[in-house]
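A.B. asks: Given the sequences, and given the hints that come with them, work out the whole structure.
Heads up: the sequence lines are chains W and S, in that order.
FYI, in this note's numbering the residues of the first sequence are 238 to 481.
FYI, in this note's numbering the residues of the second sequence are 238 to 481.
Please note that the accuracy of each hint is not assured.
Each pair may be met inside one copy or between any two copies, as identical chains are not told apart.
Said to hold, decoys possible - Under the rule of at most 30 angstroms between Cα atoms (straight-line distance), these lysine-lysine pairs were calculated in the DSS-like manner:
| # | residue 1 | residue 2 |
| --- | --- | --- |
| 1 | Lys447 | Lys278 |
| 2 | Lys409 | Lys361 |
| 3 | Lys274 | Lys361 |
| 4 | Lys361 | Lys371 |
| 5 | Lys361 | Lys478 |
| 6 | Lys259 | Lys467 |
| 7 | Lys378 | Lys460 |
| 8 | Lys378 | Lys391 |
| 9 | Lys447 | Lys274 |
| 10 | Lys455 | Lys278 |
| 11 | Lys478 | Lys391 |
Since the hints were derived computationally from the structure, they do not count as laboratory data.
For reference, the chains in residue letters:
There are 2 protein chains.
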Amino acid sequence: MINHKLLLSYDGSAYHGFQRQKNALSIQEIIEKALGKLYGKGIKVEGASRTDAGVHARGQVINFFAPAHIPLERLPFALNSILPPDVVAYEASGADYNFNSRKNARGKRYIYIIDNENFPDVFKRNYSWHVASKLDVSAMKEAAEYLLGRHDFKSFQSAGSSVANTVRTLYKVDIIEEGCFLFFSFEGDGFLYKMIRAITGTLVEIGLGKKETEEMRKILHSKDRSKAGKTAPACGLCLEKVFY
Amino acid sequence: MINHKLLLSYDGSAYHGFQRQKNALSIQEIIEKALGKLYGKGIKVEGASRTDAGVHARGQVINFFAPAHIPLERLPFALNSILPPDVVAYEASGADYNFNSRKNARGKRYIYIIDNENFPDVFKRNYSWHVASKLDVSAMKEAAEYLLGRHDFKSFQSAGSSVANTVRTLYKVDIIEEGCFLFFSFEGDGFLYKMIRAITGTLVEIGLGKKETEEMRKILHSKDRSKAGKTAPACGLCLEKVFY
Chain W
238 MINHKLLLSY
248 DGSAYHGFQR
258 QKNALSIQEI
268 IEKALGKLYG
278 KGIKVEGASR
288 TDAGVHARGQ
298 VINFFAPAHI
308 PLERLPFALN
318 SILPPDVVAY
328 EASGADYNFN
338 SRKNARGKRY
348 IYIIDNENFP
358 DVFKRNYSWH
368 VASKLDVSAM
378 KEAAEYLLGR
388 HDFKSFQSAG
398 SSVANTVRTL
408 YKVDIIEEGC
418 FLFFSFEGDG
428 FLYKMIRAIT
438 GTLVEIGLGK
448 KETEEMRKIL
458 HSKDRSKAGK
468 TAPACGLCLE
478 KVFY
Chain S
238 MINHKLLLSY
248 DGSAYHGFQR
258 QKNALSIQEI
268 IEKALGKLYG
278 KGIKVEGASR
288 TDAGVHARGQ
298 VINFFAPAHI
308 PLERLPFALN
318 SILPPDVVAY
328 EASGADYNFN
338 SRKNARGKRY
348 IYIIDNENFP
358 DVFKRNYSWH
368 VASKLDVSAM
378 KEAAEYLLGR
388 HDFKSFQSAG
398 SSVANTVRTL
408 YKVDIIEEGC
418 FLFFSFEGDG
428 FLYKMIRAIT
438 GTLVEIGLGK
448 KETEEMRKIL
458 HSKDRSKAGK
468 TAPACGLCLE
478 KVFY
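C.D. replies: Given below as structure tokens:
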């Protein structure tokens, strides 16, 4: 048995998130079933990020132990011939016996896409949040600055979660305009449950002029979820890269 | 009653083409039903292009006669609140009484997208044709040159069609590389049934080295559909613009 590291991209629209659940289809279940066909039943995968229901990935990293009989360069092709078209494996490598895709992740980059045009781009409707009113990008960039560094991000953690330590480090927040699309790129050592969507929702309220730029600092310090903006829709979010 | 001109974009994946049919859902039916809710039943629309099953549009143009009581600038918003999310109306204007979106079209631009990477981009899977083997772009560009101008395109007309006059003028064929994507842009005064997909299928066979570049000229002159390549999949094709 060797430890396999595998990169995945997926359209999360049809799935109830990465993690296996009862009564709802997950990416993990889809992958474990496909691996079962290649190696026999019972293979368990670990994913670097437990992406939420409806959230996408371009660079999810999983690892799993399996016999070495399928050459690594053939493994993505073999898997893709079994996987549905909305899940694509694209890079396999061997990993140390102790490598764990989730526990060893040093950081992650997520991108949130906003379609900021009067009418939605029909081809991006499942991969972006359509906000028809023009957003003030410089106000959002200014507000995002307050979030950089090591903070207690409790204000941006969804009510459903009960993680003890809510301190995280945000290395980078970039907001890039490309035509009518806005790309919010977040890089950090880890993210709380729905944290990026809560931050994006808050940034949008600032971009719409519903909240002042400096309110971002107050919200962060309040450690009170009710002070932040609404959670942005899942479909705009994508896990881009995991850093080790 | 005034003549309305309306621009539409749609994801054709779930539809059996633009034109109304029995027992299969069309874009025309979806639009006419939505207009029925705004103006009352019985409104008939004419579309500039009868896009095929699975083919998309960014710039479909329709026209229809209806009372003037909905302001033109509000019409797209009113329609989009009724239409499903895969069909989006985005520009309405008043047209001459004699304007007919199909008959008055002077030309059209279609874009065919190929995803030419080892593994498919999961977010483009419904809007491109995934060809894993590397294509020879310069060979395809050279072959496309033979098609420019006024020709009898019978060799590229699908067997199902019985149009009497198969002469068309192709003004422009551009093949643009952007990362791993190839954009084939076709501009002409009109296109035969499945003509662009037959041309694209033939270009891909040339790009794969299965056919010589000069064969394109011979295929064109043969007026024999069986000499051309296979019809490329519908999902890669999009009606970009209609010229008047």
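A.B. asks: Hint by hint, which ones does this structure get wrong, listed from lowest number up?
C.D. replies: 1, 9 and 10
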